[in-house]
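Could you slot chain B onto chain A? The hints should help.
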Amino acid sequence: MPEERQPRAMCLVMRKSSLKRPLAFLPLFLVVTACSSGSRTETASSPALPQASIDPATAGTVSGRVVFTGTPPVMPVIDMSSNPQCERQHKAPVQAETVIVNSNGTLRNVFVWIKSGLPPAKWPVPANAAKLDQSGCMYSPRVQGVVEGQEFEILNSDPVNHNVHAECARNAAWNESQPPRAEHKFKQFGTEEVLFPVTCSVHPWMRAYVGVSPHPFFSVTSEDGTFELKGVPPGTYTIEAVHEKYGRKEGKVTVAPSGTASIEFTYGS
Amino acid sequence: MAPEIPYRPGLHRWSVLLAFCTLLLVVAGGLVTSRDAGLSVPDWPLSYGKLMPQMEGGIFYDHGHRMIATTVGLFTIVSLIWIWRVETRRWMKRLAVAALLAVIAQGVLGGLTVLLLLPWWISSSHASLAQLFFSTTVAMALFTSDWWRRQPDRMPESAASPVRGLSLLAPVCVLCQLALGAAARHKAIGSIYHICGSPVVTGVVLWISLRILLHYAKNRELRLGALVLLSITFCQVFLGIAAYMSRIAYADSVQPMPLMVTFTVIHVAVGALTLAASVSLAILVRRNVPAGAAVSL
Numbered sequence: 001m002p003e004e005r006q007p008r009a010m011c012l013v014m015r016k017s018s019l020k021r022p023l024a025f026l027p028l029f030l031v032v033t034a035c036s037s038g039s040r041t042e043t044a045s046s047p048a049l050p051q052a053s054i055d056p057a058t059a060g061t062v063s064g065r066v067v068f069t070g071t072p073p074v075m076p077v078i079d080m081s082s083n084p085q086c087e088r089q090h091k092a093p094v095q096a097e098t099v100i101v102n103s104n105g106t107l108r109n110v111f112v113w114i115k116s117g118l119p120p121a122k123w124p125v126p127a128n129a130a131k132l133d134q135s136g137c138m139y140s141p142r143v144q145g146v147v148e149g150q151e152f153e154i155l156n157s158d159p160v161n162h163n164v165h166a167e168c169a170r171n172a173a174w175n176e177s178q179p180p181r182a183e184h185k186f187k188q189f190g191t192e193e194v195l196f197p198v199t200c201s202v203h204p205w206m207r208a209y210v211g212v213s214p215h216p217f218f219s220v221t222s223e224d225g226t227f228e229l230k231g232v233p234p235g236t237y238t239i240e241a242v243h244e245k246y247g248r249k250e251g252k253v254t255v256a257p258s259g260t261a262s263i264e265f266t267y268g269s
Numbered sequence: 001m002a003p004e005i006p007y008r009p010g011l012h013r014w015s016v017l018l019a020f021c022t023l024l025l026v027v028a029g030g031l032v033t034s035r036d037a038g039l040s041v042p043d044w045p046l047s048y049g050k051l052m053p054q055m056e057g058g059i060f061y062d063h064g065h066r067m068i069a070t071t072v073g074l075f076t077i078v079s080l081i082w083i084w085r086v087e088t089r090r091w092m093k094r095l096a097v098a099a100l101l102a103v104i105a106q107g108v109l110g111g112l113t114v115l116l117l118l119p120w121w122i123s124s125s126h127a128s129l130a131q132l133f134f135s136t137t138v139a140m141a142l143f144t145s146d147w148w149r150r151q152p153d154r155m156p157e158s159a160a161s162p163v164r165g166l167s168l169l170a171p172v173c174v175l176c177q178l179a180l181g182a183a184a185r186h187k188a189i190g191s192i193y194h195i196c197g198s199p200v201v202t203g204v205v206l207w208i209s210l211r212i213l214l215h216y217a218k219n220r221e222l223r224l225g226a227l228v229l230l231s232i233t234f235c236q237v238f239l240g241i242a243a244y245m246s247r248i249a250y251a252d253s254v255q256p257m258p259l260m261v262t263f264t265v266i267h268v269a270v271g272a273l274t275l276a277a278s279v280s281l282a283i284l285v286r287r288n289v290p291a292g293a294a295v296s297l
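These protein sequence lines are chains A and B, in that order. For the first sequence, position 227 matches number 227 in my numbering, and the numbering has no gaps at all. For the second sequence, position 90 matches number 90 in my numbering, and the numbering has no gaps at all.
Just so you know, these hints were derived from the structure itself, not from any lab. Just to be clear, a hint being listed does not mean it is correct.
Some chain B residues judged to face chain A by a derived CB distance under 8 Å, without partners named [claimed, not checked]:
| id | residue |
| --- | --- |
| 1 | Ile59 |
| 2 | Ile195 |
| 3 | Ser198 |
Okay, derived cross-link-like pairs now, SDA-like style, lysine to any residue, Cα gap no bigger than 20 Å in a straight line [stated by the list, open to error]:
| id | chain 1 | residue 1 | chain 2 | residue 2 |
| --- | --- | --- | --- | --- |
| 4 | B | Lys50 | B | Pro9 |
| 5 | B | Lys50 | A | Glu183 |
| 6 | A | Lys131 | A | Glu151 |
| 7 | A | Lys115 | A | Ser269 |
| 8 | A | Lys245 | A | Ser219 |
| 9 | B | Lys187 | A | Ala169 |
| 10 | A | Lys245 | B | Ala251 |
| 11 | A | Lys187 | B | Leu117 |
| 12 | B | Lys187 | A | Ala173 |
Ideal placement from N, C-alpha and C gives every residue a C-beta, glycine not left out.
The shape of chain A in the complex, shown without the other chains (with noise of 0.2 Å):
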């Protein structure tokens, strides 16, 4: 059964919002610069691992789904009517999907990763850009996962200003504009960090979540709640479930040479 762990909602923001902070802060603001500062620096990528290799004929598959129990919380609808322009591209109201149950129970946008048990190796970047597009004021897709070193494509299908705000904490944070028709922008992301929040202060309903894998093997949950993970080498395995509200869950699961396993998560409110 997968292991509970505390949960870290609303991922990394509410680390800043820690008690930690000493009280005497008022005239002593600059002097912590350089304690803070550090904070946004990249970190170094590990020394030269070998190139990982996948036998395809003996490569597995990590399956299962995530399961909602309880009574599914109602999401607000979002009041956007502090830019018409955004209102009108929609037909109906749009409720906030911060939690999506699917109606067969299972919960939509975990994203569901191989935390360990993988060989130190470089594993291959993909070739294609992972890309998340803002339409109708709304972040497409609202979870998503890329490798180490993969481009991440930023698109404005939108008539309308936005600013593309990546909160990360372990990798670089940048905050930067995105007018209407402006060029499509690509970023990357060099360490692993699973999730962080992207936020536009434009639009402040709007928010993504990217998770930073140093390897191919994840994926999140969709229509139906289920999850897979393909190719991955024979070995055993700690899988975690990540959720923006309910936070992490993991669990173990072994895979046997061209095997299958599963596991499933539940969540709860």
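For chain B alone, kept in the frame of chain A given last:
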């Protein structure tokens, strides 16, 4: 204070206008933070590479704040030139220079907080300095008024109930409390510190106000000053409770809710008024209760 100081109504009205615009600026800044719009405009000093971007969503609040800030900056420069040319009081000139330096520092802090993605120590410093700057403009309005030229009805300090030193404690405590509130709003600390500071500041305000009302009530200026500070602080406590309750009520919302924004921004603005009232009371105490040997009243 000295009778030979000429009254310049134009300068006084200008100083009042500057103080009023600064309060508007504090409100605009509060709106930026409360509406999570602090990074709507990622570039600085331009906005989306322009002087005037399309005012939509959070850009309306963020760029609107910049526009009011620019106006206040220009008004402060005019104040300095005006005061430098007509004022005979050297300390008044120095105060105008300090105001200009403060407003420049505010602009730089505002720009840095955008470019460095809202580090708590810069954002909180920006919010705290804003409160100090507002009090400075209120003091400038006081010092340029016709009322300031009149001879005050001075009274000796009571040895049993001294007030000169105590009057300085209120602005210091209020400023610390405002800084705690700013740090909480910028997620540097939990709001518990600001909440715990509230009874302390209220107690200090009560202490000094009651001392003045009990022992210096014959002096109209002091009486009025104490009553104003007491009233504003009383309102501020309830506004703080309302702001906190609204945050709890909308904790799960996906965007800033109007009620929460309204209470929080009013709380920020009245916080600025509380500091200004406490600074003004300290000024009034120094004007009306001269230094020297305290006497038994």
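Handout entry: Ascending list of hint numbers which this structure does not respect
Key = 2, 3, 4, 7
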